[in-house]
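Asker: The task is simple: from the sequences and hints, build the whole structure.
Listed below are the residues making up each chain.
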Amino acid sequence: MKMKIEDVAKLARIRLDEKEKNKLGKDLEGILAYVEKLNELDTKAVQPTSHALPLENVFRKDEIKHQDVKEEVLKHAPLRERDFFKVPKVIEEV
Amino acid sequence: MDEFYTWTIKETAEALRSGKATPSDILESLCGRVRAVDSKLKAYVNFDESRSKKADFIKAKPLSGVPIAIKDNISTRGWETTCASKILKGYIPPYDATVVRKLKEAGAIIFAKCNMDEFAFGSSCETSCYGPTFNPWNTQCVPGGSSGGSAASVAADLAVGSLGSDTGGSIRQPAALCGVVGLKPTYGRVSRYGLIAFGSSLDQIGPFTKTVEDAAILLGVIAGHDPLDSTSAPADVPDYTQAVKKDVKGLRIGLPKEYFIKGIDPEVESAVRGAAKKLESLGAKIEEVSLPHTQYAVATYYIVATAEASSNLGRYDGVQYGLRVPSSDLVEMYMKTRCEGFGREAKRRVLLGTFVLSAGYYEAYYLKGLKVRTLIKQDFDKAFERLDVILAPTSPTPAFKVGERLDDPLAMYLSDIFTIPQNLAGIPAISIPCGFTKGGLPIGLQLMAKPFGEETLFRVAHAFERATDFHKKRPAI
Numbered sequence: 000m001k002m003k004i005e006d007v008a009k010l011a012r013i014r015l016d017e018k019e020k021n022k023l024g025k026d027l028e029g030i031l032a033y034v035e036k037l038n039e040l041d042t043k044a045v046q047p048t049s050h051a052l053p054l055e056n057v058f059r060k061d062e063i064k065h066q067d068v069k070e071e072v073l074k075h076a077p078l079r080e081r082d083f084f085k086v087p088k089v090i091e092e093v
Numbered sequence: 000m001d002e003f004y005t006w007t008i009k010e011t012a013e014a015l016r017s018g019k020a021t022p023s024d025i026l027e028s029l030c031g032r033v034r035a036v037d038s039k040l041k042a043y044v045n046f047d048e049s050r051s052k053k054a055d056f057i058k059a060k061p062l063s064g065v066p067i068a069i070k071d072n073i074s075t076r077g078w079e080t081t082c083a084s085k086i087l088k089g090y091i092p093p094y095d096a097t098v099v100r101k102l103k104e105a106g107a108i109i110f111a112k113c114n115m116d117e118f119a120f121g122s123s124c125e126t127s128c129y130g131p132t133f134n135p136w137n138t139q140c141v142p143g144g145s146s147g148g149s150a151a152s153v154a155a156d157l158a159v160g161s162l163g164s165d166t167g168g169s170i171r172q173p174a175a176l177c178g179v180v181g182l183k184p185t186y187g188r189v190s191r192y193g194l195i196a197f198g199s200s201l202d203q204i205g206p207f208t209k210t211v212e213d214a215a216i217l218l219g220v221i222a223g224h225d226p227l228d229s230t231s232a233p234a235d236v237p238d239y240t241q242a243v244k245k246d247v248k249g250l251r252i253g254l255p256k257e258y259f260i261k262g263i264d265p266e267v268e269s270a271v272r273g274a275a276k277k278l279e280s281l282g283a284k285i286e287e288v289s290l291p292h293t294q295y296a297v298a299t300y301y302i303v304a305t306a307e308a309s310s311n312l313g314r315y316d317g318v319q320y321g322l323r324v325p326s327s328d329l330v331e332m333y334m335k336t337r338c339e340g341f342g343r344e345a346k347r348r349v350l351l352g353t354f355v356l357s358a359g360y361y362e363a364y365y366l367k368g369l370k371v372r373t374l375i376k377q378d379f380d381k382a383f384e385r386l387d388v389i390l391a392p393t394s395p396t397p398a399f400k401v402g403e404r405l406d407d408p409l410a411m412y413l414s415d416i417f418t419i420p421q422n423l424a425g426i427p428a429i430s431i432p433c434g435f436t437k438g439g440l441p442i443g444l445q446l447m448a449k450p451f452g453e454e455t456l457f458r459v460a461h462a463f464e465r466a467t468d469f470h471k472k473r474p475a476i
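Those protein sequences? They're chains F and C, same order as listed. Numbering that gives the first Met the number 0 applies: residue 0 is where the first sequence begins, and numbers increase by one. Numbering that gives the first Met the number 0 applies: residue 0 is where the second sequence begins, and numbers increase by one.
These are computed hints drawn from the structure, not numbers from a lab. Watch out, some of these pointers could steer you wrong.
To be verified - Computed spacing ranges between beta-carbons, pair by pair:
| # | chain 1 | residue 1 | chain 2 | residue 2 | range |
| --- | --- | --- | --- | --- | --- |
| 1 | C | SER269 | F | ASN56 | 46 to 54 Å |
| 2 | F | LYS3 | C | THR5 | 54 to 62 Å |
| 3 | C | ASP406 | F | LYS43 | 34 to 42 Å |
| 4 | C | VAL236 | F | ASP82 | 35 to 43 Å |
Idealized CB from N, CA, C, for every residue including glycine.
Answerer: Written out as structure tokens, the structure reads:
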């Protein structure tokens, strides 16, 4: 199974330089080769476990609890305009 | 001045209650110790002496005036919390994690934030953007990780107790390598609200302390259901300090043969087997047990944990907080920000997790991992049908040299071979000191129990501690 580091990096939204591509690509290939070990096990009849304990979905009332956090949250904005987080243009012009 | 900083949580709280010492006596003593020693260890990334003066002292509370240090991935209101990552530098949480709120309500003074591997990705505390923490027993060695700062601070008497987090051994392994007590509670026992997420089905917060009884005290304060964490268990919190009073007569303790394998350090093996003999002499019944899927745990973990991590770290995009590398294009901004903000191990894990979740590979890797996780969990279910406790080494080796495994990710990952299965199964486990190598490095003993069996762990761990002196030895730093 071949992993293309460029494709994965694009999916993960991480820019890598050539040196990193080589090093991380090799590291990942090594780790994936090690992980192949799991194929020794026949798991056809095994149910997957995504959580170790039997937990059920929890519902709560949709109530407003914290009302005065706007400033505390917005003060972390790398770029802000009024009460908005400002980002580069998302929608392209037609 | 009295060496108050050497005291345990229990001793400190009692001295404060009886008026033998004041909170500022304790904090001044501790701060003096930090100033004298931490330049050699780098256990703290943030340290605030003034907090002692600000804290109100109310005698009636269980931890009144007791200084506790907190791992830097646990949110502290108004106080920078970075996960030791460049991408979160300057981030000041607008709220306290539930564990921090509970500690404060119990009277504790939160006075320092501890160094860690970036986003808790590591077993050596070397991937921190602040640089490594060093082991108090030998500063050429790592303290273990990822909660290396939390472990080193307690070992070197820079904190009376501390909190860390454990996703695949990040409390127990550094506790073993630094010669202190470290507990990973049952998944769901402690609220994760405000813990910056790594692997959400594995993460759990727990205490580092100088004694088993102190761990019981701290767990009693931080445990319990929290409406703000839907994975926290609605189970009652027992009085853990009662558990330490019981003996181990008749308890059935299993030694898993898969944890005593080739490659384990002979001094570690002999100390751990010696500990089993000691418990036998105290009345426990020792028997062999098999956990046949142990050898698959590391591979399973590096699929499951990195998949969850890649998803959890998706939020670091430079939009709402933390680092942003500007660009005229949005995707370009994400890519540059994450390139600059994440260290190498964070990139490695996000990439691996992205790959195992990606279309075409999901079933071969991620789903396969979840299925093997079931088999690993079933091993424990079966063993605990007849056993009360499983006993094993915490780490296959004592502390290793700084830099030794940094460029070999697989060698680093295998440091956690004995501490990963418990997170996959969700069970509680504790590491306590059980000996020293000829070179003077501590060795850790790991005890595991079934879900919500923390009382049994405290009972066995305390019986061993009472019968031995390993916990009394402190590093000569």
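Asker: Indicate, hint by hint, whether the structure satisfies it.
Answerer: Verification of the supplied hints:
1. SER269/C / ASN56/F: 46 to 54 Å: 48 Å, holds
2. LYS3/F / THR5/C: 54 to 62 Å: At 56 Å between Cβs, range holds.
3. ASP406/C / LYS43/F: 34 to 42 Å: 38 Å, holds
4. VAL236/C / ASP82/F: 35 to 43 Å: Holds - the Cβ-Cβ distance for VAL236/C and ASP82/F, about 41 Å, lies within 35 to 43 Å.
The earlier numbered hints are all upheld by this structure, with none contradicted.
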